[in-house]
Amino acid sequence: MYTALPILALSLFDQDVNDRWSFQYPQLYSPGQLNLYFSKKAFVRCMLHSAYSSLILFFIPWAAMHDTVRDDGKDIADYQSFALLAQTSLLVVVNTQLCLDTYYWTAVNQFFVWGSLAAYFAITFTMYSNGMFLIFTSSFPFMGTARNSLNQPNVWLTIFLSTLLCILPVVAIRFILLQIRPTINDKVRHKVRKEALPAPTPHRKPARRISTRKSGYAFSHSEGFGELVTSRRFLLKRPLKSRPVLFATTESPLAQNQPQHYRTITEEQDPSV
Amino acid sequence: MMASSYSAKDEDGHITVTGPGGAALRSKKPENTAFKQQRLPAWQPILTAGTVLPAFFIIGLIFIPIGIGLFVTSNNIREFEIDYTGVDESSPCFNCSQNFSWNSTQPCTCSIPFSLEQSYENNVFMYYGLSNFYQNHRRYVKSRDDSQLNGHLGSLKPSKECEPYAKHENKPIAPCGAIANSMFNDTLELFYNDPNGTKILIPLRATGIAWWTDKHVKFGNPGDGLNLTAEFQGTTKPVNWRKPVYELDSDPLNNGFINEDFIVWMRTAALPTFRKLYRIISRKDNMVPTLLRGNYTLEVVYNYPVRSFEGRKRMILSTISWMGGKNPFLGIAYITVGSVCFFLGVVLLLIHHKYGNRNNSADISN
Chain U
1 MYTALPILAL SLFDQDVNDR WSFQYPQLYS PGQLNLYFSK KAFVRCMLHS AYSSLILFFI
61 PWAAMHDTVR DDGKDIADYQ SFALLAQTSL LVVVNTQLCL DTYYWTAVNQ FFVWGSLAAY
121 FAITFTMYSN GMFLIFTSSF PFMGTARNSL NQPNVWLTIF LSTLLCILPV VAIRFILLQI
181 RPTINDKVRH KVRKEALPAP TPHRKPARRI STRKSGYAFS HSEGFGELVT SRRFLLKRPL
241 KSRPVLFATT ESPLAQNQPQ HYRTITEEQD PSV
Chain V
1 MMASSYSAKD EDGHITVTGP GGAALRSKKP ENTAFKQQRL PAWQPILTAG TVLPAFFIIG
61 LIFIPIGIGL FVTSNNIREF EIDYTGVDES SPCFNCSQNF SWNSTQPCTC SIPFSLEQSY
121 ENNVFMYYGL SNFYQNHRRY VKSRDDSQLN GHLGSLKPSK ECEPYAKHEN KPIAPCGAIA
181 NSMFNDTLEL FYNDPNGTKI LIPLRATGIA WWTDKHVKFG NPGDGLNLTA EFQGTTKPVN
241 WRKPVYELDS DPLNNGFINE DFIVWMRTAA LPTFRKLYRI ISRKDNMVPT LLRGNYTLEV
301 VYNYPVRSFE GRKRMILSTI SWMGGKNPFL GIAYITVGSV CFFLGVVLLL IHHKYGNRNN
361 SADISN
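Protein chains in written order, with the working numbering: chain U, 1 to 273; chain V, 1 to 366.
Quick caveat, the hints were computed from the structure, so don't treat them as lab data. Heads up, a few of these hints could be off.
A few chain U residues facing chain V, derived, Cβ under 10 Å [as the list claims (entries may be wrong)]:
1. I76
2. F111
3. A122
4. I123
5. F125
6. R147
7. L150
8. I176
9. V192
For every residue, glycine included, the Cβ atom is placed at its ideal position computed from N, Cα and C.
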């Protein structure tokens, strides 16, 4: 519950750029077609990142709790406090990583992220309270742990340290890649910040379908009709009819199946297919 | 022949399509609201040099002073540790450790001299430490009955988790379980060797060593806690204990399940090398240090066997600060991370300076 809802919000609401910019730059869809986000390379990268994070999230609390006591001399290196420390560090790291990955912060995203952190602390303190222990004794043995360990400054310093150790390498690597090898998404996002929104395309007259050829641009992960379309075989031989060449209305959410006038797509074979 | 259909918009945005037969069919297009078309107002941050580089420098500049503060605080804490397991033949406790037997009537005592190089001020805390003792073993951690320890002796049937330490000679064990059975039962006493030869016993306080929530909420004696011998009638002591639970201390506020040494032991440690608070040496007043520098003697009543599993026992004297005991790790870690962060900030600045213009100048081509 603490980690699932924010990711759900991310997957539902996140977007690189909005739909008008996506129409302007259809190259944005090419990473999806080239399977860049679901390749083995991406998976290995993910695995390495999570292995590194797990090592940090265990060994930093371990080293910090080794032979440590509270500021009034009593124990803090017990099993329950250690578990709470590791879990809190984990929650903070996951939510911070999510904040880094979210490029489109709607109100719903904000609510889910801050809400899940708040819910975690609320539920933890409730589960570890006197009342729950006295009613369901054997189910809530962690009574008192949150109160006694989360008021220690060195616990919070440990949480802060493990969060930063997990997040900073990610930020550094992303920044370096942004500078050295910006992807199309990055370039368009950069343009978005600089320039104004492209003008909304004018209203289209009612649909007179010339062809019912489906365009597989947005969601294809395998070779779609890209080759066919970019080979220009269909463009030249017929005389240009006066058919409505203007774009679909802004009200209509789906890209209609009209051959559309794009900018010239220079055919460069991307080696990393 | 074209499909004879046209779209008409309702007030609420639903697009109704009239099919060939004239019947109104609801179109499957999603509504044109901001929520469903992903047009919600949003903040769109990107990683620019203007945010990332200052962030790295600021984090570096914050971490290094915090690290230095932590390290200096940790260095100012005074700690003294002495291992009294008796592994070496030359150790005073060697005989006790060799001749250990479970049902000996005469407790074995040994006496270890040591000296403190510096005087200890403010409250001094005395810990016992064990090594290679896995209190975090899963079956061991589960082997307790929390409702029995809370004072509900109930139907005199301890929880199943306590097996095989639940009953002995057909009587339920109070407190049951492996954790209680293996309670640490050495007695440690501290003597100061005066320069003119007398041995002064140092007063050790045995209360105030357990968590308040443990002592007052989690653990409780059955009944009203006054006549404990009668309350525990029908139960028997754990197998490894020499005294039953209602004879742990003469003070009625520290007897039975709320005995603080027992509570401290029952809070299982997370790591195989751990220390637990044993006694507190309260400070006398601000003028006189609590423990003067000089020679001391530690008198041990050696009851707890650790040689069989290659464990070690030690006694630790330590002062305390706002960050707890002596642990230089956090200080060193903060200093290291701060410096690495600062250095990384410099490296990123160089990279941005050299390559940073690829974002805006490059054509957006495939």
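message: Under 10 Å is the threshold here; is the Cβ of U/F125 close enough to any Cβ of chain V for the hint to stand?
response: violated (12 Å)
- prompt: Taking 10 Å as the limit, does the beta-carbon of U/I176 come near enough to a beta-carbon in chain V?
  reply: holds (6 Å)
- prompt: Is the interface hint for U/F111 satisfied, with its Cβ closer than 10 Å to some Cβ of chain V?
  reply: Since chain V brings no Cβ nearer than about 12 Å to U/F111, farther than 10 Å, the hint is violated.
message: Min Cβ distance, U/R147 to chain V: is it shorter than 10 Å?
response: Nearest chain V Cβ about 6 Å off; hint holds.
message: Take the shortest C-beta to C-beta distance between U/A122 and chain V; is it under 10 Å?
response: This hint is violated: U/A122 lies away from chain V, its Cβ roughly 19 Å from the closest one there, beyond 10 Å.
message: Tell me if the interface restraint on U/V192 is satisfied: Cβ within less than 10 Å of some Cβ in chain V.
response: holds (7 Å)
Hint check, U/I76 versus chain V [nearest Cβ-Cβ separation less than 10 Å]: With a minimum Cβ separation of about 7 Å from chain V (threshold 10 Å), the hint on U/I76 holds.
- prompt: Under the criterion of a CB-CB separation shorter than 10 Å, is U/L150 in contact with chain V as hinted?
  reply: Not OK, violated: U/L150 not within 10 Å of chain V, min 13 Å.
query: With 10 Å as the cut and Cβ atoms as the points, is U/I123 at the interface with chain V?
result: violated (18 Å)
Taken one by one, the earlier hints fail for this structure at numbers 2, 3, 4, 5, 7, listed in ascending order.
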